[in-house]
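J.: Below, each chain spelled out in residue letters.
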Amino acid sequence: MDFRHILNSKKIILRVILGVLFTLTVCNTFAIQHENEPVEAKNAEQEAFNPTTAILEHIADSHYWHVGGELSFPLPIILFTDKGTEFFSGANFHHGHEAYQGKYYTYKLIEDKIRVVNAAGEVDKEASSHVYDFSITKNVLAMWLAGTILFIIFFTVAASYKKRKGKAPKGLQSFIEPVIMFVRDEIARPNIGYRYERYMPVLLTIFFFIWINNLLGLIPVFPGGANVTGNILLTFVMAFIVLLVVNFSANKYYWKHIFMPPVPVWLYPIMIPVELIGVISRPFALMIRLYANISAGHIIVLSLISLIFIFKTLWIAPVSIIFVLFMDVLELLVAFLQAFIFTMLTALFIGTAVEEHHH
Amino acid sequence: MEQLFEGLLNDHLGFVVWAAVAFIILLILLAKFAWKPIMAAISERERSIEDALLKAEAAKEEMARLTNENEQLLKEARAERDLILREARQLKDQIINEAKSAANVEGARMIENARLEINSLKAVAMSDVKNQVATLSVEIAEKILRKQFADQQAQDQLVADLLKEVKIK
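Respectively, the protein sequence lines represent chains E and G.
Per our numbering, the very first residue in the first sequence carries number 1; after that it's consecutive.
Per our numbering, the very first residue in the second sequence carries number 360; after that it's consecutive.
Derived by calculation from the structure, the hints in this document are not laboratory data.
All values reported here derive from a predicted model rather than from experimental measurement.
Ideal placement from N, C-alpha and C gives every residue a C-beta, glycine not left out.
Accuracy of the hints is not assured; some may be wrong.
Calculated lysine-lysine pairs in the DSSO-like style (CA-CA distance at most 30 Å, straight line) [unchecked claim]:
no.	chain 1	residue 1	chain 2	residue 2
1	G	K506	G	K489
2	G	K395	E	K165
3	E	K165	G	K506
4	G	K391	E	K165
5	G	K414	E	K163
6	G	K391	E	K167
7	E	K252	G	K395
8	G	K489	G	K502
9	E	K312	E	K252
10	G	K391	E	K163
11	G	K434	G	K451
12	E	K170	G	K414
13	G	K419	E	K165
14	G	K506	G	K526
15	G	K506	G	K523
16	E	K167	G	K419
17	E	K167	G	K434
18	G	K506	G	K481
19	E	K170	G	K506
20	E	K125	E	K162
21	G	K391	E	K170
22	E	K167	G	K395
23	G	K395	G	K419
24	G	K414	E	K162
25	E	K162	G	K395
26	E	K113	E	K125
27	G	K395	G	K414
28	E	K125	E	K108
29	E	K83	E	K108
30	E	K103	E	K83
31	G	K395	E	K163
32	E	K103	E	K113
33	E	K162	G	K459
34	E	K125	E	K103
Chain E regions said to be covered by chain G (calculated; three or more residues, Cβ under 8 Å) [claimed, not checked]:
no.	segment
35	143–156
36	176–188
Take the sequences, apply the hints, and build the full model.
T.: In structure tokens, the structure reads:
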């Protein structure tokens with residue numbers, strides 16, 4: 001089906017963007033409202049709405065995918081225990097209210113963490129330490145979704161490159177090509193040098209993976225809503241991959257600089273550990289930077305929405321929505337910027353590792 | 360501290376493994392099915408564009424060269440034409456002059472011939488006229504003499520006169 005004419009209309013695009021932003025803010029509001037209603041009702045006497053818990057809950061990974069209102073998808077639970085593998089639906093936990101009698105242990109969801117409980121309902125720490133949670137959580141699913149979207153986009157684009165060989169790009173291809181060229185000409189080439197071609201796949205994958213996840217994270221309802229790039233474990237994995245790529249492509253000059261730095265020999269006991277820390281600290285900084293930036297953006301948006309529940313008045317809503325709208329627009333920029341910075345620094349590290357020294 | 364790390368691996372190792380697997384599979388799939396053909400196509404197109412630009416530049420130079428050559432040829436042709444025209448004009452003048460002088464000479468010669476002819480004819484005619492005049496004179500004199508001396512007395516008279524004259528002398 002050909003919907004191109006719809007997307008080509010500038011008015012429609014503008015409306016879609018405004019519409020998305022509007023739903024974004026409104027749905028955020030409702031999502032939090034519904035999420036917290038039971039909590040509020042229950043704790044209405046003792047304590048007021050606690051924004052910290054609500055916000056942290058929202059940016060954390062989960063065994064449920066909250067869609068909106070009371071609706072949420074239970075996700076599959078996979079557990080590797082010392083006795084064998086368990087596989088069952090997360091619906092069995094009833095949002096942590098009930099324990100589930102598995103094949104080997106009885107499990108309960110406590111603060112979204114799976115723990116083994118005994119017959120009395122108390123946490124069995126000994127048994128819990130033998131259970132490894134390999135569940136398909138919200139973030140894992142969101143990652144697969146992002147991967148699928150990326151694969152569909154780039155498979156289509158690659159097909160149109162084959163179809164329109166040697167011709168000017170068209171449609172999606174003409175949107176993607178400048179970005180690819182940007183990664184190549186602004187990130188890879190200036191930082192890595194003439195050997196950039198080998199690293200293009202990893203740089204492009206990192207760039208687009210972070211970007212699409214950042215963007216999906218901005219959508220508060222179902223296809224998005226997961227805070228994948230604001231998850232320090234994911235940024236850890238990506239930074240670790242960067243660490244491996246950088247160090248496995250490093251040449252002798254790089255290692256020589258670490259183990260035989262151009263300083264007096266008596267400084268080696270200080271310099272070598274410093275250099276080794278440098279090897280680790282660079283990807284570490286990547287990990288923290290992406291995680292902190294994206295989480296911060298989510299926290300600000302959620303805090304602004306929380307204002308409505310803190311003040312317990314609808315009159316604050318327009319203020320919140322205006323600020324959230326502003327933040328979302330800013331986050332669109334940050335989504336690109338963080339993808340760019342991560343890729344840029346990766347390219348820079350690869351560049352220092354493969355650089356030839358002629359002195 | 361122990362509390363902080365308690366259950367860390369149990370809860371999060373799974374996600375790390377899933378994330379790593381997902382990212383690596385994505386990397387491999389995209390590298391094989393997307394980045395390779397896309398980058399190849401882009402660089403191929405860039406090369407062809409560069410090639411086309413170079414060719415266009417070369418064609419432009421060739422064109423300029425040809426135009427230059429044409430102009431040169433044109434200029435030469437024009438010069439040659441001028442030369443030929445000038446030569447032709449010279450030749451024409453020369454021919455006209457030659458013809459003129461030849462005509463003059465021939466005319467003079469013919470006039471001379473005519474004059475000679477005329478002179479010779481005139482002389483012939485004159486001598487003829489002279490002869491006829493002489494003949495006529497003699498005939499007239501003879502006729503007169505014959506008439507005068509027809510009777511004897513006139514002859515005697517004349518002789519007597521003549522004799523008288525001789526005596527005086």
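J.: Against each hint, give a clear statement of whether it holds in the structure.
T.: Status of each hint after checking the structure:
1. For the given pair, G:K506 sits about 25 Å from G:K489 by alpha-carbon distance, which is consistent with the 30 Å threshold.
2. Note on G:K395 and E:K165: the hinted pairing holds, with a Cα-Cα distance of about 14 Å set against a maximum of 30 Å.
3. Simply put, E:K165 and G:K506 have alpha-carbon atoms about 147 Å apart, too far for the 30 Å limit, and the pair is violated.
4. Between G:K391 and E:K165 the alpha-carbon distance is near 18 Å, which keeps this suggested pair within the 30 Å criterion.
5. This hinted pair checks out: G:K414 and E:K163 have alpha carbons roughly 25 Å apart, not beyond 30 Å.
6. At most 30 Å may separate the alpha-carbon atoms for a hinted pair to count; G:K391 and E:K167 meet this at roughly 22 Å.
7. Restraint check for E:K252 and G:K395: satisfied, since their Cα atoms lie roughly 29 Å apart, inside the 30 Å limit.
8. Using a Cα cut-off of 30 Å, the hinted pair G:K489 and G:K502 holds, with the two alpha carbons roughly 19 Å apart.
9. Pair hint E:K312 plus E:K252 does not hold up; C-alpha atoms about 63 Å apart against a cutoff of 30 Å.
10. A threshold of 30 Å between alpha carbons decides the hint, and for G:K391 with E:K163 the separation of about 17 Å falls inside it, so the pair holds.
11. Our distance criterion of 30 Å between C-alpha atoms is met by G:K434 and G:K451, whose separation comes to about 25 Å.
12. Restraint check for E:K170 and G:K414: the C-alpha separation of about 25 Å stays at or below 30 Å, so the hint holds.
13. Taken as a hint, the G:K419 and E:K165 pair is honoured in the structure, with Cα atoms around 27 Å apart against an allowance of 30 Å.
14. Straight-line distance between C-alpha atoms of G:K506 and G:K526 comes to about 28 Å, which keeps the hinted pair within the 30 Å bound.
15. Distance hint between G:K506 and G:K523 is fulfilled; the C-alpha atoms sit about 24 Å from each other, no more than 30 Å.
16. A threshold of 30 Å between alpha carbons decides the hint, and for E:K167 with G:K419 the separation of about 23 Å falls inside it, so the pair holds.
17. For the hint linking E:K167 to G:K434, the alpha-carbon distance of about 44 Å lies beyond 30 Å, and the restraint is violated.
18. With a C-alpha separation of about 36 Å, the suggested pair G:K506 and G:K481 falls outside the 30 Å cut-off, and the hint is violated.
19. For a cut-off of 30 Å, the pair hint linking E:K170 to G:K506 is broken: about 150 Å separates their Cα positions.
20. At most 30 Å may separate the alpha-carbon atoms for a hinted pair to count; E:K125 and E:K162 exceed this at roughly 57 Å.
21. Using a Cα cut-off of 30 Å, the hinted pair G:K391 and E:K170 holds, with the two alpha carbons roughly 22 Å apart.
22. Distance check on the hinted pair: E:K167 and G:K395 sit about 18 Å apart at the alpha-carbon level, within 30 Å; holds.
23. Between the alpha carbons of G:K395 and G:K419 the distance comes to roughly 36 Å, so the proposed pair goes past 30 Å and is violated.
24. Taking the CA atoms of G:K414 and E:K162, the gap is about 25 Å. The hint holds against a cut of 30 Å.
25. Note on E:K162 and G:K395: the hinted pairing holds, with a Cα-Cα distance of about 12 Å set against a maximum of 30 Å.
26. With a C-alpha separation of about 13 Å, the suggested pairing of E:K113 with E:K125 holds against the 30 Å cut-off.
27. Restraint check for G:K395 and G:K414: satisfied, since their Cα atoms lie roughly 28 Å apart, inside the 30 Å limit.
28. With a CA separation close to 12 Å, the supplied pair E:K125 and E:K108 stays within the 30 Å bound.
29. For the proposed pair E:K83 and E:K108, the alpha carbon gap of about 18 Å is at most 30 Å, so the pair holds.
30. With a CA separation close to 9 Å, the supplied pair E:K103 and E:K83 stays within the 30 Å bound.
31. About 15 Å separates the Cα atoms of G:K395 and E:K163, which keeps this hinted pair within 30 Å; it holds.
32. Taking the CA atoms of E:K103 and E:K113, the gap is near 19 Å; set against the 30 Å cutoff, the hint holds.
33. Note on E:K162 and G:K459: the hinted pairing is violated, with a Cα-Cα distance of about 87 Å set against a maximum of 30 Å.
34. For the hint pairing E:K125 with E:K103, the CA-to-CA distance comes to about 18 Å; that is within 30 Å, so the pair holds.
35. Counting residues of the segment 143–156 of chain E whose C-beta lies closer than 8 Å to any C-beta of chain G gives 7; at least three are required, and the coverage claim holds.
36. Counting residues of the segment 176–188 of chain E whose C-beta sits closer than 8 Å to any C-beta of chain G gives 4, which meets the bar of three, so the coverage hint holds.
The structure fails hints 3, 9, 17, 18, 19, 20, 23, 33 (numbered hints given earlier, in ascending order).
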